[in-house]
Structures are given as C-alpha cells and as structure tokens.
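Residue numbers (our numbering), protein chains in the order written: chain A, 16 to 339; chain B, 15 to 282; chain C, 496 to 1050.
Quick caveat, the hints were computed from the structure, so don't treat them as lab data. Small disclaimer: the values here were computed from a predicted structure and weren't measured. Mixed in with the good hints, there may be bad ones.
[What the hints assert, rightly or not] Sample of chain C residues lacking proximity to chain B, with all beta carbon distances greater than 12 Å (derived):
id	residue
1	E612
2	R677
3	R681
4	A760
5	R772
6	A834
7	H862
8	Q897
9	R911
10	T1019
[As the list claims (entries may be wrong)] Restraint-style ranges between C-beta atoms, simulated for each label pair:
id	chain 1	residue 1	chain 2	residue 2	range
11	C	G954	A	N87	27 to 35 Å
12	C	A1013	A	R90	48 to 56 Å
13	B	G107	A	A194	58 to 66 Å
[As the list claims (entries may be wrong)] Here are some chain C residues pointing at chain A (derived, C-beta under 7 Å):
id	residue
14	T539
15	G627
16	A690
17	V708
18	D735
19	Q742
20	R854
Note that CB positions come from ideal geometry on N, CA and C, so glycine has one too.
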Amino acid sequence: MRRFLLARGAQALAVIALVATLAFTLVHLAPGDPFAASLDDPTNTAALHAQQMHRWGYDQPLPVQYLKWLGNLARGEFGWSHSRNRRVADVLLETVPRTFLLMGAALVAGVLAGLALGTWQAARRGTPAERASGTLATAVLSVPEFLVALAALALPAARWHWFPVSGIADPAMHDSMSAIGRAWDVTRHLVLPAGTLALLTAAGVSRYHRSAMLAMLPEEFVRTARAKGAGEYTAVVRHALRNALGPLITIVGLLLPTLFGGAVFVETIFSWPGVGRMMVEAVGGNDYPLVLAGVLVGSVLVVLGSALADVLSALADPRLRIEA
Amino acid sequence: MKFAAAVLVLFVVVAVAAPAIAPHDPRATPQSETQKNLPPSGAHPFGTDQYSRDVLSRVIYGARVSLGVAVVAVMLALTLGAAIGAVAGYAGGWTDIICMRVVDAMLSVPRVLLLLVLVASTGPLTVGGIIVLLGCTGWPGTSRLVRGEVRLLKERDYVLASRATGTPEWRVFVLHVLPGLVPQLLVTGTLALATVIPLEAGLSFLGLGVQPPTASWGNIISDAAGRPGDTWWVVLFPGLAIVCTVLAVNTIGERLRERIDPRGRSRT
Amino acid sequence: MRFHSVRRGACVMLGAAALLAGCGGGDGSGGGTVIIGTGQDPKTLFPPASDNIQARVVTELIFERLADRGGSLNTLGDAGFVPRLAQRWDWSADSLRVTFHIDPRARWQDGRAVSAEDVRFGFAVFTDTIVGARTGADLRAVVDSISVGDSLTCTVWFRQRSPERFDVLVTSLTPLPAHLLRAVRRDSLALSGFARNPVGNGPFKLVNWEQQVRLELAPSPSYAGARPALDRVIWTFAPDASTLVKQFMAGESDFLENLSVDDAAAAARQPNLRVIRLGSFGYNFLQFNLRDGASDRPHPLFGSRTLRRALTMALDRQLLVRSVFDSLGRVGLGPFVRAQWSADTTIAQIAFDRQQAARLLDSLGWHTGADGIRTRDGQPLAFTLIVPTSSNPRQSFAVLIQEQLRIAGVKVDIERLDGNTLVDRIQKHAFEAAMGGLAATPAPSGVKQTWTGAAARDGGLNYGRYENAAFDAQVDSAISAGAQASAKSHYRAAYQIIVDDAPAIWLYEPPTLDGASARLQLGTLRPDAWWMGIPSWSIAPGKRLPRDAAPAKTP
Chain A
16 MRRFLLARGA QALAVIALVA TLAFTLVHLA PGDPFAASLD DPTNTAALHA
66 QQMHRWGYDQ PLPVQYLKWL GNLARGEFGW SHSRNRRVAD VLLETVPRTF
116 LLMGAALVAG VLAGLALGTW QAARRGTPAE RASGTLATAV LSVPEFLVAL
166 AALALPAARW HWFPVSGIAD PAMHDSMSAI GRAWDVTRHL VLPAGTLALL
216 TAAGVSRYHR SAMLAMLPEE FVRTARAKGA GEYTAVVRHA LRNALGPLIT
266 IVGLLLPTLF GGAVFVETIF SWPGVGRMMV EAVGGNDYPL VLAGVLVGSV
316 LVVLGSALAD VLSALADPRL RIEA
Chain B
15 MKFAAAVLVL FVVVAVAAPA IAPHDPRATP QSETQKNLPP SGAHPFGTDQ
65 YSRDVLSRVI YGARVSLGVA VVAVMLALTL GAAIGAVAGY AGGWTDIICM
115 RVVDAMLSVP RVLLLLVLVA STGPLTVGGI IVLLGCTGWP GTSRLVRGEV
165 RLLKERDYVL ASRATGTPEW RVFVLHVLPG LVPQLLVTGT LALATVIPLE
215 AGLSFLGLGV QPPTASWGNI ISDAAGRPGD TWWVVLFPGL AIVCTVLAVN
265 TIGERLRERI DPRGRSRT
Chain C
496 MRFHSVRRGA CVMLGAAALL AGCGGGDGSG GGTVIIGTGQ DPKTLFPPAS
546 DNIQARVVTE LIFERLADRG GSLNTLGDAG FVPRLAQRWD WSADSLRVTF
596 HIDPRARWQD GRAVSAEDVR FGFAVFTDTI VGARTGADLR AVVDSISVGD
646 SLTCTVWFRQ RSPERFDVLV TSLTPLPAHL LRAVRRDSLA LSGFARNPVG
696 NGPFKLVNWE QQVRLELAPS PSYAGARPAL DRVIWTFAPD ASTLVKQFMA
746 GESDFLENLS VDDAAAAARQ PNLRVIRLGS FGYNFLQFNL RDGASDRPHP
796 LFGSRTLRRA LTMALDRQLL VRSVFDSLGR VGLGPFVRAQ WSADTTIAQI
846 AFDRQQAARL LDSLGWHTGA DGIRTRDGQP LAFTLIVPTS SNPRQSFAVL
896 IQEQLRIAGV KVDIERLDGN TLVDRIQKHA FEAAMGGLAA TPAPSGVKQT
946 WTGAAARDGG LNYGRYENAA FDAQVDSAIS AGAQASAKSH YRAAYQIIVD
996 DAPAIWLYEP PTLDGASARL QLGTLRPDAW WMGIPSWSIA PGKRLPRDAA
1046 PAKTP
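Between the sequences and the hints, there should be enough to build the whole structure, so can you do that?
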C-alpha cells in the first residue's frame, strides 16, 4: 500500500510540475505585460515602464525567469501579485477557501439531490414522471453554467429580490451581526451561485446514480429482499443504494474539473470573490504570477481529487494495489 | 432520438442556408437612433439589440459560427487525439509515458482555465484561432481511449499477421485498428460537441471568444447581458438555441453510446 | 421583520463601542452608511503609486494635500484654490517661492502632528525615480526643492514662473508621514504594509479592506476640519458591469459611477434613484497615424492633410453622437473638453459636407470605382481602424463610421483588439487609425504631452505623430502665459491650427452619468473629482435604512 501511495504521489507531482511548465510558457508568450499602460491611463511612460520591468526581473531571459520562479515555488513562495500589490500566497489564502465554500456547498447539495433523484428514478423506472425527470436532467445538463447564472441573477435576485444580487456578505451589516446572523447572511449570498452549480451537479449525479442502481437491481440480494416481502422501494433503497454508492467517489472526482470550470463563470457573474473570478481578473490584468498560481490551484485540486479517488478505490479493492 | 436528429438537422440547415433565410443583414445598424432595443414584433420576431441589429438574423448567422466552430474543433480534437493515442500506443516506452503524462497534465487543469490562459497568451482570436484552441485542448480524452484500444488490439492475430507480411505499422493502424474504433470515436465526438458548443459560448460571453460584429450565440448574449431584465429577448433566443442544440446532440450521443456499449443496451 | 432584532442588537453594541473608544468623533447615530458600487479594487493605497482611478478616490479621502483646486477648476496661479493642510501661503516677491503655513491642528491618524518635514519627505518620495510615482516627472519639472523653515512652515522653490506651477504642485504632491516611512527602503515603499493600511491625515480613515469584496472608510477622529456627516463609506467590488448595475437598481448600493446611457435611462425611471450628469473630462477621437507604421515615412493616405480633412468632412458627427448617446453626448471640438477653462466653442470646425468631401477626394485622384470604393492607380481607398473591445461606445462609433465612410467611397476595416493589445499596438505606432480616447484634467497644458512634436518622439503619448511647429509654439506660449486672457488666446490659436490640420477626427465627449439613490443628499458634485464632496454627503431624513444604523467596526 505504501508503494502505491508513493507512486500515486509521485505521479501527481509530475503532473503538477508539467502543468506549471506549460502554464509558465504560455503566460509569458502573452502580448503586453503587467505594467503595460491601460487603455484609459496611458501615462505610463516608456522609461518608467522599463524601470518596472527591470525591478521585477521581466527583462531577463525566459529560462532564467522560469528557474527563479520554480525555485521560489519550491520554497512555497508564489511571488508578488502586481494587480493587487500583495503576496500571491496571501491572495490565495483569501480566495481559495471561498471557492471551496462555494464548490463544497454545491457538491453537497448537488450530490444529495442527485442521489435522491437517481434513487427515486430507479425505483419508479418506466413511469411517465420518471421519464420526464430524466429528460429534464439531460436538459439541465445541456444549459451552460453562465446561462443558468444569468437567469438566476436576472429573476430571483434582480427582479424578485429574494436573494442578494452579488457578493459574499452584506457589505454594511455583516460585521455587526451575531454569529448566527453572519452564517445566515453568507448562506443567503451563497444560495444562488452554489445553487447554479448544484443544479448541474445534481443532474449529472442523478444520471450516473440511476444507471448504477439499475445495474444492481436484478442481482440476487435484491431479489432475495423482495422475496422476503420487503416492498420494492425498501429493497431498492436498502440494498441497491448501499452497493451503488461505491462508484460515487469516482464520479465526484470526475465532476471536480467541471465544477471548477463552472465556478469561473458563476463567480464572475455573482461577484463571488473566489479563485475563478481572481483568474478572470488576473488574465485581464496580465498579472502573470497570479494567473500561474490560479492554474496551479486548479490543477492541484483536480489532481488531488483524482488521486484521493484512486486511493479510496484502492483501499476498497485490493487488486488495484498491485497493478499500479 | 428522431426528434433530436430533426432538431439538429434543422439547425444545420439554418446554419448552411443562413444568407437565404435571415431576414436582415446581421451586422447592419440601419436606424441606430430609433430601432435599438426593440422587443419582439412582426418586423423583428426576436427583437433588436442595442445597435438596432435584428436578433433573429444574428441568431441565424450565429448558428453558422457556433456550430461551425464546434464541429471543426471537435474534428480537429479527434484527429489529434487519434494520432497521438496511436503513436503512444504503438511506440510504448518513453514516448508512451511522456504522451500520457501530458494527457494527465492537460486533463488536470479545468478546460476553462486552460483556455483562459491560452487566450491570455494569444490575445483576441479569429474564428480560426478559436477552432485551433478548442481543438488543441480537446484531444487528451480521445488519445487515452485510442491508446488503450491500440494496446489491446495490437496483440490480436490479424494485426500480428498483417505485420508479419511486412505491412507498415501506420497502414495496419489505418486499415485494421482505426475502423474498429470508428463507433467509439463517433460517440466521443458527438458528446464532445455537447461540451464544445457551451464552451465556445462561455468564452464569447467572457469576451474572449468570437469577436463582434461576427455573431456567435455566446457573444450575442454577452452583448446584452448588461441588462437581461430589460432586453431579455437578446439573451433568451440565442440561449434557447444553445440549449436545444446541446440537448439534441447529447440525446443522439447517448443513444449512440447505448448502441455500442453492450451494458447500455440492456439498460432500457 | 428579521431586521428588527438585528437592529436593536446593533444599537446596544453601538453604545458599547462608543464608550470603549471614548472618541469625540460623533456618536454615530446621525450619519448613516453609503455604499458605492465599483468594478475594481484600488491597486494600492500608497499615494505615489496610485495609478487607477479607484486608488485616487480612496487616497484623496484619506490623505489631504496642501491645497485643493476647489470648484472653480482654475489651474492658473492660485486663484480659487482652497486651503487644506496648509492654512495659508505667501509668495516671495519674485513669485519663484511660496511658503506654506501648515494647520497646527493637523494630525496624522496615529496622533502625530503633521510637520513641514512631512511635506519635504513627500516631495523626496514623489520625485525619486526608484519609487516611480506617476506625477513625479511633472513635479520635478516644476519644483526645484522644498526647504523646511520651522516645524509648521516650508518653502517651495519653483524652477521657473510657469503659470500652472501652483496647480501642479498641490495636485501632484501628497505629504507623507516621514516618521513612519523614512526607515523603509524607497524601492519597497509601494510594497510595504503602509500601502494596504495607510496612515493618513484626511477626513476619512481606512477601517477595513478586503480585496474583491469591500473597502470601508470612517470619519477620522484626529481630523482637524469638519467631521464628515456620514458614519461609513463602503465600496463594494464586482467585476461584471451588469452585476454592478443590478446591485444599484436593487438598492444594494447607493451610488454608481459611469452609467451607460441605457442604464441611466432605466435608473431615471425608478423613483428611488436619480441620475446626475457631470461635465465630461474625457474626449474621444479617431486618430490617424500620420507616419507609415513605426517608420519615419509619411503614411500613404494620412500623410495628406487634404485627405484627412476630406474624411472629417464625410462624417456627420452630430448624427454619430446622437445615435450612440441620444441627447446626452457632445460632439468633440478639438484636443480639449468643454469643462476646461481654455475651452473655446467658437473654433471653426470642419463641417459635415459630403459634396465637398467628394470633390476633395476627386481632386486627390481618388475616383469612385465599380463597387463604390474609390481607387487611385488601382489602389483602393481603404484603411484599418483598431478599436478596443472593452469600450462599447467606441465600438458603436467605429461601426457607424464604417458605414458613413462607405457612402463616401472609403473602405474601413475594423479590427477589434482587447485593451492591452490596443495600447501595445498604438505605443509601437503599429496602426493606421485608432479609436482613441484621452482623460483630461482641468489643466489644459496636458495637450503638450499628447499632441505636440515633443510628445511624438521618445515614447511620448502623441502616438499619431502629428507635428506642426506653429501649433507647438502656440501651446508653449499658452503654457508660459501668466494671465488667463493671454493664455486663452494662445490656446485658441493652437486649437484652431490642430483642428484645421485634422490629425484626428474629434468625435465626442462621453457623457459622465452617475447614479445615486434618492436617499442621498449630495450637494454639487465636482466634475473633475466627484469624490471630493463625500465628506459633506448625508442621508436624507426619513430615508434611512437598517444599514445606516449598523455601527462602524472599530479597526
């Protein structure tokens, strides 16, 4: 088992190192630079610009910059964000937990809803209601995240005022609230962005789960359960559900990249101050160190997710340990 | 399935015949003073946008761009994926290891993030550029699939036999291995379409995809996203076009998969 | 209903906070909270490094300068300037020196008295090239040195008697707390903790800044002047323009800058909102590159003054402006804005005249071809216009110009570029024509940095490289003229020359439309710096919201 873990860990590190190199090369090919004059403020003179480029080492050959960057990275130093005038690490410490909160809430809500729906569909398979719900799930999966987010912003927030339009907390009242009040405040702000992502997660999970449940249904123990006189619903829920939960780990692992990609749009539209919005703003501002950090965070999340899924599967299935 | 195919055919016909169907020039801004932001009416069934352009015509021409970009990008991704997967599968050894690690690396970055970085490094793109970008980020899944199949098939008798006769490897691949992969590639490609269409729309929505005045479904929406509450028609109609197309493609893809995958056949 | 309990709790907590703080800064019950929506964070709160508008807004409320331009928008001499950190100032007989007497009650927010040394230190920092302050070059050009008399008097030594020297001095220099910053290395100043947690001397102090989320200011208890009426000013940040607008329309923010014409119309329909129109401090134009790319050869088309004039004539600028801005925009008159004191609306313009434009083009040998496009020696009359995708009005203008010039037989290809790429291209002179825009200040002398021959070389901002010695001479005379009347006549002459030469088609002054909640009492907003009025903003009685009662968090 230890060898498996080491091998999986080494593989994950290699992947991340490769991502870092690819991203570094791409980002530094970009036209413009962190200190280019902006459109409405062209006052940055050539001399000042050259001075800033030199100050931050952007005038050095690319391989030198790359090695320096790698060296800093190895020491856990992500560099300096020019657009925010802070250490990149500090920016990440703020933004990453917010994205985790958003994605975590979406995952929990989406997976639970998806499981419930999938189970119900499996138990009621063939009925018109089940078919309609299946079509609906496919339809939901066909709507791009940004459209769902735009609709959620336009109607429940802007038109009906059920939820705040944007942000993570009430800008004026949050600090003076009680602990419960603050939790409620964040929840209110979380509902629409997390709900957007959860809707898509639920649709995806329900489809996987329905098939997994159906694959279990004809098996011996379910029949036994039925024979014992348990109602079909109980049989399905009790037995098939327990056995169908295994692949869920893998599915959630697969969902992470999609969810993270969705977070880019959702965070931008709802002004949720997480990594996705940070990336869009950093790309716009040519803030190289921040862009690179964002890519790394995204890939570490995905790699960790899939490595964790592998390890959990390996724990459950001894055959896999030897193979790797 | 039939309905989905009909919907898809309809959109393809609309895209191909856009100049004949569209009631107006999608770029024309004839009465920019008086004709802007008009709600749907007889003259403009989908209304007009903030520059007084006819939204119906823009959605029709947008079908061309959005579908065209998606189809070509997916074909590019499949070709790249098949080629890289075949090379990795046949060559084995270091080539295989390196190819598969690159695949791992690319799959480990959420595709939107990858595209964001790529667009940042290239600047605003032409339609061709977007196709290349979407194609070049879409191949890893296919290459993994092809590599797996190649490694299974290359030990099969008929492949070994034809190799023994001195037929070059690539011919063996093209003549014997590839045909066996066509159904799987078809499914992969169809389902890839269903991810590429929203992706292109999303990029255009962020202002990083197809640049106006060329209409794509995504940038029609982003033009109006400022005020979907007021000019909902500029968002709704291209949005519906995206959803219908993706839904149709998804349905077709799922059915195709069920036909190929024996487990799926027993499902319904 | 839910708010009731929160509010009551809040009042109790407020009382406790006031007792604990024991400050004399008002009891907080009367002021209220204003929330301002904006797109971007300030990059920094270190005044010399501030380079985006948001940084200016916040630092100018936290830091006070020696004097303020005031509502008159005059930039000549010291007429109309209002004492701020300095109580008064005296000029030397030769008017090359001015001595400032600092308000003895002025305090830094850590309690230290503001001293003359802080002014000298600020000057040293601003003019140090290592620091790279944007206003450093202007300051160096005008001021030779600053000497300290006693702790409350300092004397500024000017290099020459340029009429705008006082304006440049007080708008470019922010005194800085020497006792806090002297020990910090100059090249690290902008990166130090001070840039995120500044200690200022102005009417407001920073309470809290969470990047991407919010920035909160509260009245500074150590401020010697009148205490601002509000208890809190909070900025919230949203990257998406449409989200900002929705936030504002839903009442989640009280003030939103720079509404689009359509959004302004929608806001005006809502009874709880109003729209304020300010004088514009920007002007936009179609800029020709008079040289062939980055080379020194004249551009094959735009090297010709007659051709440039013909293209100007072919455009109905009134119609263009009405199409994009309805009745709210104004046609550009030249390289200035109407709100500057030098503005002259009587400059003879190149009037819209399609026939005359056609005659001029014919006379140059450009004759209409079969497809309606003019050609000469087989070459079509065509050029590429670059436009930033980030600017909606500029894109609209480009599309409409394309159509109007097509009627005149000129083919325009529009190339859309993102903001960074566009700036990169025009800085390298790699363009034929560009939809340009410049932000102006009340000081008309800025024209020297953007349109004169000197600015056409060595990385200057005259990207189209228009050069006319007569224009340069008039600008120089205007800048060195002491009296406003004489300066005005020189500016007038300069503007007439450049308008006649048509190095650009002056298109529009974009309307500045700010949205405000009807519950705000704003007074008059200054067109060059609306935020300078925030200290006197207040909430209308009877229009208070729960958030007005929430206590300011003690930093």
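Structure-based check of each hint:
The Cβ of E612/C lies farther than 12 Å from every Cβ of chain B, with a closest approach of about 46 Å, so its non-interface assignment holds. Listed as a non-interface residue, R677/C keeps its Cβ farther than 12 Å from every Cβ of chain B; the least gap is roughly 40 Å. The claim that R681/C is not at the interface with chain B holds, since no C-beta of that chain comes within 12 Å of its own (minimum 32 Å). Distance check on A760/C: its Cβ comes as close as 10 Å (rounded) to a Cβ of chain B, failing to clear the 12 Å threshold; non-interface status is violated.
No beta-carbon of chain B is positioned within 12 Å of the beta-carbon of R772/C; the least distance is around 20 Å. Even its closest Cβ contact with chain B, about 26 Å, leaves A834/C beyond 12 Å, as expected for a residue assigned away from the interface. No Cβ of chain B comes within 12 Å of the Cβ of H862/C; the nearest lies about 27 Å off, and the non-interface call holds. Once the 12 Å rule is applied to beta carbons, Q897/C is inconsistent with being away from chain B; the minimum gap is 9 Å.
Not every C-beta of chain B lies more than 12 Å from that of R911/C, the closest at about 5 Å, which undercuts listing it as non-interface. No beta-carbon of chain B is positioned within 12 Å of the beta-carbon of T1019/C; the least distance is around 29 Å. For G954/C and N87/A, the Cβ-Cβ distance of about 31 Å falls inside the hinted range of 27 to 35 Å, so the restraint holds. In this structure the supplied range 48 to 56 Å holds for A1013/C paired with R90/A, their Cβ-Cβ distance being about 55 Å.
Between G107/B and A194/A the CB atoms are about 60 Å apart, so this pair conforms to the stated range of 58 to 66 Å. Hint on T539/C holds. Least Cβ distance to chain A is approximately 5 Å, under the 7 Å limit. Checking G627/C against chain A: minimum C-beta separation of about 5 Å stays under 7 Å; hint holds. With its C-beta approaching chain A no nearer than about 6 Å, A690/C sits inside the 7 Å limit, and its interface hint holds.
Because the smallest distance between the Cβ of V708/C and any Cβ of chain A comes to about 5 Å, under 7 Å, the interface hint for this residue holds. Restraint check, D735/C versus chain A: the minimum CB separation of about 6 Å is within 7 Å; hint holds. Given hint, Q742/C at the interface with chain A, holds; its Cβ is 5 Å from that chain's nearest Cβ, closer than 7 Å. Annotation: interface hint on R854/C violated; nearest CB of chain A at approximately 37 Å, more than 7 Å.
Figure legend: structure checked against the earlier numbered hints; hints not met, in rising order: 4, 8, 9 and 20.
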